[in-house]
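Once you have looked at the hints, place chain B on chain A.
There are 2 protein chains.
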Amino acid sequence: MIDLKGLSAFPITPSDRDGRVDVGALRALLDPLIAAKVDSIGLLGSTGSYPYLARDERRRAVQTAVRLAEGTTPILVGIGALRTDEAVRLAQDARDAGAAAGLLAPVSYTPLTDDEVFEHFQTVARESGLPICIYDNPGTTHFRFTPALIGRLSRVDGIVAVKSPALDASALAGHVAELRAVVPSGFSLGYSADWNCTEALLAGAEIWYSVLAGIFPKVCLEIVRAAASGNAAEARRLNARLQPIWDLFKTFSSLRVVYAIANLRGICAAEPPRPILPLPADAQKRVADTLAGMQIELG
Amino acid sequence: MIDLKGLSAFPITPSDRDGRVDVGALRALLDPLIAAKVDSIGLLGSTGSYPYLARDERRRAVQTAVRLAEGTTPILVGIGALRTDEAVRLAQDARDAGAAAGLLAPVSYTPLTDDEVFEHFQTVARESGLPICIYDNPGTTHFRFTPALIGRLSRVDGIVAVKSPALDASALAGHVAELRAVVPSGFSLGYSADWNCTEALLAGAEIWYSVLAGIFPKVCLEIVRAAASGNAAEARRLNARLQPIWDLFKTFSSLRVVYAIANLRGICAAEPPRPILPLPADAQKRVADTLAGMQIELG
Chain A
1 MIDLKGLSAF
11 PITPSDRDGR
21 VDVGALRALL
31 DPLIAAKVDS
41 IGLLGSTGSY
51 PYLARDERRR
61 AVQTAVRLAE
71 GTTPILVGIG
81 ALRTDEAVRL
91 AQDARDAGAA
101 AGLLAPVSYT
111 PLTDDEVFEH
121 FQTVARESGL
131 PICIYDNPGT
141 THFRFTPALI
151 GRLSRVDGIV
161 AVKSPALDAS
171 ALAGHVAELR
181 AVVPSGFSLG
191 YSADWNCTEA
201 LLAGAEIWYS
211 VLAGIFPKVC
221 LEIVRAAASG
231 NAAEARRLNA
241 RLQPIWDLFK
251 TFSSLRVVYA
261 IANLRGICAA
271 EPPRPILPLP
281 ADAQKRVADT
291 LAGMQIELG
Chain B
1001 MIDLKGLSAF
1011 PITPSDRDGR
1021 VDVGALRALL
1031 DPLIAAKVDS
1041 IGLLGSTGSY
1051 PYLARDERRR
1061 AVQTAVRLAE
1071 GTTPILVGIG
1081 ALRTDEAVRL
1091 AQDARDAGAA
1101 AGLLAPVSYT
1111 PLTDDEVFEH
1121 FQTVARESGL
1131 PICIYDNPGT
1141 THFRFTPALI
1151 GRLSRVDGIV
1161 AVKSPALDAS
1171 ALAGHVAELR
1181 AVVPSGFSLG
1191 YSADWNCTEA
1201 LLAGAEIWYS
1211 VLAGIFPKVC
1221 LEIVRAAASG
1231 NAAEARRLNA
1241 RLQPIWDLFK
1251 TFSSLRVVYA
1261 IANLRGICAA
1271 EPPRPILPLP
1281 ADAQKRVADT
1291 LAGMQIELG
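Read top to bottom, the protein sequences are chains A and B. Heads up: the first sequence begins at 1 in our numbering, then just goes up one per residue. Heads up: the second sequence begins at 1001 in our numbering, then just goes up one per residue.
In case anyone wonders, no lab produced these hints; they're calculated from the structure. The beta-carbon is built from N, C-alpha and C at its ideal position, and this holds for glycine as well. Hints are supplied without guarantee of correctness; some may be wrong.
[As the list claims (entries may be wrong)] Below, a sample of chain B positions facing chain A; criterion: calculated Cβ distance under 7 Å:
1) Tyr-1052
2) Tyr-1109
3) Thr-1110
4) Glu-1116
5) His-1142
Bound-form chain A, shown alone (with noise of 0.2 Å):
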C-alpha cells in the first residue's frame, strides 16, 4: 500500500502545439527530483495539464515516469475526466503502467451534487483497483468539499488520501482536524497551494503536493524535513526565503510561472496547451530577475 506522505514534486508535462507529449524534456524533468529524492511525484496534476492531454499521451508520460523512477519514487498519476467511463479507462492505464496511486478531481462541466461525486469517485476506485487520492481544487473543478462527503469517501475501498487546498493558513488547525475527526486512521491528509503549505505541515498534514518541488525540489525538502523534525522556527524561515516566488504565484499562477522557469532554466521549451498562453514578456523578465536576484541555492 502506497503510503502519502512528505513531499510530493507536481511537474509540468512538456508538450508540442499538437498536444503531443515530449518525452525528453519530460525526463530532463523528472531526473533532478528522482535524484533528489522527493517522496513521490505527482505526475498529470493540474500543473501537469492532464485534462488537455489525450488519453495515449496520458499514458506514455506515465510509461516514461514509472520507467526512469525505477521502483525508487512512487508515481502518482492525475486521472481525472469529465465523463466517469474516461477517467475508469485512464486510471486503468495508470495502474497498468505501474502508478502507485491515481490523483482524481471531480472534473465537471455541468456542477455536480455531492452523491454524484461519490459516485463517481467510487465507480473509477472500483473499476480501477488503483488507490486513490481525492484531488480537491476548487479553482479548476469549482467543486466543493464539504467534510462530510470527505469522510463518505474515505471509507470506500481503495480511497487513500486527500489533497486539499490550503487556500487560508490561519484556517489549517482547523481544517485538519475537521478533517481528521471524519477519516480512518491511515487516511492521508495533505495539501497543495505551496505558499501555505509549511504552515499546513506544522499543523499536521503528512504531505506537500507542490508545485516548485516539480522544478527546485531540494528547497522543499528541507522545508519538509524541518517540519518533521518539530523545528518550526526552522521550517518557517526556509519557507519565508521563498516568498518572492509566493508572490509570482500567485500573481501570475503556479503553472504559468514555473512554464517560464522551466524555459529559463533551460530544461524545456515549452509552453502550456492553449488557450492557456506563455507569461507575457514583461512577466517573464520579473520571474527571471526574482530568481536572480534570490539569495539561496535553489535546485
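Just chain B now, kept in the frame of chain A:
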C-alpha cells in the same frame, strides 16, 4: 449571414452509457421543434451535454439535425472544448456538416485570462469561418466576460452574437444597454436562464436561448411573439404560468429536469452522461406532479 433572433430551442442529446448518440431519439426530440417553427435549434449546448461527447458523436448529432431541418431551421452547434485546436476542429466539423453558427464557450480547467479567451475565440473564428456566438455561461465555465471583452470580441471577423446569462431580472435592462454600447450594430444580444428570459426580451434582447423550448417549444414561442409585438403584459402573463417549471429548474437544474420530462413524455429513455445522475425518484415524482398539475397545453 445568420440572423440570431427570436427563439432558439436547446434540446438534450440522448446518448447511451458509452457516450454514443441515439440518433433515433434525437430525431424524436428535434422533429417537434422544427414543426413548431422555432427560429433556430441550439444543438449540443450545455443542455445537450456537448463537453461529454466525443468528436465523432458530436459530428453525427450535427449531421442528423442538419438533415432533419432541411434548411428550414438554422442549427447552432456547441463547439466548445478545453483545447483551442480541438475547438477549431469541432467548428470545422460543424461548418462542414452545414451548421449555421457555432456556440463557443470558454471551457476551462486552468482559469483563463481575458487575453487567453480573446486569442482562443479569434483563432476558432479565423480557422473555421463559422459564424460564432459567444457562449457566456459562468455556471459551467466559471469564466466571467466583462462588457469590455465582449466589445473586443464583437469586432473580430465572424463573431456575431453573444448569449449571456440572465441571472438577475432587475439588472437586465442595464446589462442590455451596457452591451449595446460596446458592440457594433447588428451584433445579436441574447439570453439564457429561462426564468428571466421574458424580461430579457422585454429589455431589448433579440433572442432567447431556451432549455424549455427544447422540449415544449410552443409555450415559449407564444412568449417570444407577445414580446416581439410589444405586448409586455401578455408576455409576462404567459411566463407567469410557467413558474412551477422555473421552480423545478432552479431547484434541480434545468438539464436534469428536461431529461426527466423527456423520459416521462416517452420521447426517449435517456440518462445524462455519468457522473451526472438522473433525478432521484422523489424529484422525478415532483416533476411529474408539477406537469400534471399545470393548466396549460405545454407542447
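We went through each hint and held it up to the structure:
1. Tyr-1052: With a closest approach of 6 Å, the Tyr-1052 (chain B) hint holds.
2. Tyr-1109: Nearest chain A Cβ about 4 Å off; hint holds.
3. Thr-1110: holds (5 Å)
4. Glu-1116: holds (5 Å)
5. His-1142: Interface hint status for His-1142 (chain B): holds (5 Å vs cutoff 7 Å).
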